[in-house]
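Please work from the sequences and hints to get the whole structure.
Residue strings, one per chain:
Protein chains: 2
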Amino acid sequence: MALDHAILVSLLERPGSGYELARRFERSIGYFWTATHQQIYRVLGRMVTDGLLQVREVEQQGRPDKKEYSVTGPGRAALAAWLHKPIEPESLRHDLAVKIRGAAFDDPAALIDEVERHRQVHRDRLAHYLAGELRDFTGPEAPAPQDAGQELQHVVLRGGIAYERMTIAWLDDVLATLHRLDAAGPGA
Amino acid sequence: MALDHAILVSLLERPGSGYELARRFERSIGYFWTATHQQIYRVLGRMVTDGLLQVREVEQQGRPDKKEYSVTGPGRAALAAWLHKPIEPESLRHDLAVKIRGAAFDDPAALIDEVERHRQVHRDRLAHYLAGELRDFTGPEAPAPQDAGQELQHVVLRGGIAYERMTIAWLDDVLATLHRLDAAGPGA
DNA sequence: CTTGTCTATGCAACGAGTTGCATAGAAGGA
DNA sequence: TCCTTCTATGCAACTCGTTGCATAGACAAG
Chain A
0 MALDHAILVS
10 LLERPGSGYE
20 LARRFERSIG
30 YFWTATHQQI
40 YRVLGRMVTD
50 GLLQVREVEQ
60 QGRPDKKEYS
70 VTGPGRAALA
80 AWLHKPIEPE
90 SLRHDLAVKI
100 RGAAFDDPAA
110 LIDEVERHRQ
120 VHRDRLAHYL
130 AGELRDFTGP
140 EAPAPQDAGQ
150 ELQHVVLRGG
160 IAYERMTIAW
170 LDDVLATLHR
180 LDAAGPGA
Chain B
0 MALDHAILVS
10 LLERPGSGYE
20 LARRFERSIG
30 YFWTATHQQI
40 YRVLGRMVTD
50 GLLQVREVEQ
60 QGRPDKKEYS
70 VTGPGRAALA
80 AWLHKPIEPE
90 SLRHDLAVKI
100 RGAAFDDPAA
110 LIDEVERHRQ
120 VHRDRLAHYL
130 AGELRDFTGP
140 EAPAPQDAGQ
150 ELQHVVLRGG
160 IAYERMTIAW
170 LDDVLATLHR
180 LDAAGPGA
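One line per chain: the protein sequences are A and B, in this order. Per numbering that gives the first Met the number 0, the first sequence starts with residue 0, numbered consecutively. Per numbering that gives the first Met the number 0, the second sequence starts with residue 0, numbered consecutively.
For the record, the hints were derived by calculation from the structure and aren't laboratory data. Keep in mind it's a predicted model, so treat the numbers as computed, not measured. A couple of the hints might just be wrong.
Just so you know, same-sequence chains aren't split out, so a pair can sit in one copy or run between any two.
Unchecked claim - No farther apart than 20 Å at their CA atoms in a straight line, the calculated lysine to aspartate or glutamate pairs in the DMTMM-like style are these:
hint, residue 1, residue 2
1, K84, D94
2, K84, D105
3, K65, D105
4, K84, D64
What follows is the structure, given as structure tokens:
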């Protein structure tokens, strides 16, 4: 149930509505977690029922009213309890790797376009992360590092950057391999 | 439904029982996909019903009999269809990153043990992958590269190795950050 | 001869996550 | 005026994945 905890962290960093959370999950939190708005709304409701969050109706001009969620004492305690409990190291689930091994039973060259498309997506993500790093952490306009939260957000972002760089390099390796197999002759 | 396709690829590489598949998913296939035996048995049953797989009862000595699954023509066709259909690039789901950002609202130093434990797991995985690479691909006993399947398995393994190396380096970065925050003073 | 371990298969219940659909206020453009 | 877009929330149905439990053959150790 890590979505609960991701929501707690995000709301501690800044209270917000379900809609705002959904947008954060497409951005900064999305570096390491994803969720659709439907899932977020459902979990928010359950967490309010469980007393981990509180809601406040906020009237807005120029747009529909919203419900602003924030973390309660018990919510904070639940997060702390989770932080102190060991978790299992992640296991990968990489569809593209399944495809690459599967290409042995089809035409490997047919995968080249797909792999190049994925590489482009990862290039875009890397550029997006680097722009965010410059804006929020390392650029001339960035605030001086003062609190732990900022340092920790930065180190997580560096993880996202490292992941994208590694992935791009690996996809280059994959492409080289596919081209080599293609040159060696289909069916060889 | 990528588990279906992972099973198709694994059974094309070598037919086997549900139990054997489960063990492969803890090993080589587990480099990029995971599944429990319960899930595997359920999916195997459905795939036989759908005509993608066929079963053969195999009597064994010294151990219980097993059901050996292999891929049918329609199964191969289903895999080919999936290979030619674009898939969405992966999104990360990294619990530990959630914890790291969450540490800002608790004691960052309390995370050090947890992060070190994860780093050790990734070191072990890396060692295991490197040993496998030496055994199957780059060592003196390894068979000479001849078919595409071998090359493709190798490039996927290189991806796993790159992922573990990147993760270990990032966790070192995380540890340095946590130690720095701890030295700067808790609550600072 | 009981206990434990490894091989081997499976059900039932639950929780997590996705997909499709539906509603509605506010703004801007055709 | 209608259409689209953005903000904002939510239900219903379904699939995917995990957890707990159960069974059973073969072997080895105590």
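To see whether the hints hold, each was checked on the structure:
1. K84 <-> D94: between (30 Å within a copy, 12 Å between copies)
2. K84 <-> D105: Close across copies (13 Å), not inside one copy (45 Å); limit 20 Å.
3. K65 <-> D105: neither (51 Å within a copy, 29 Å between copies)
4. K84 <-> D64: Neither way: K84 and D64 sit 38 Å apart in one copy and 41 Å across, limit 20 Å.
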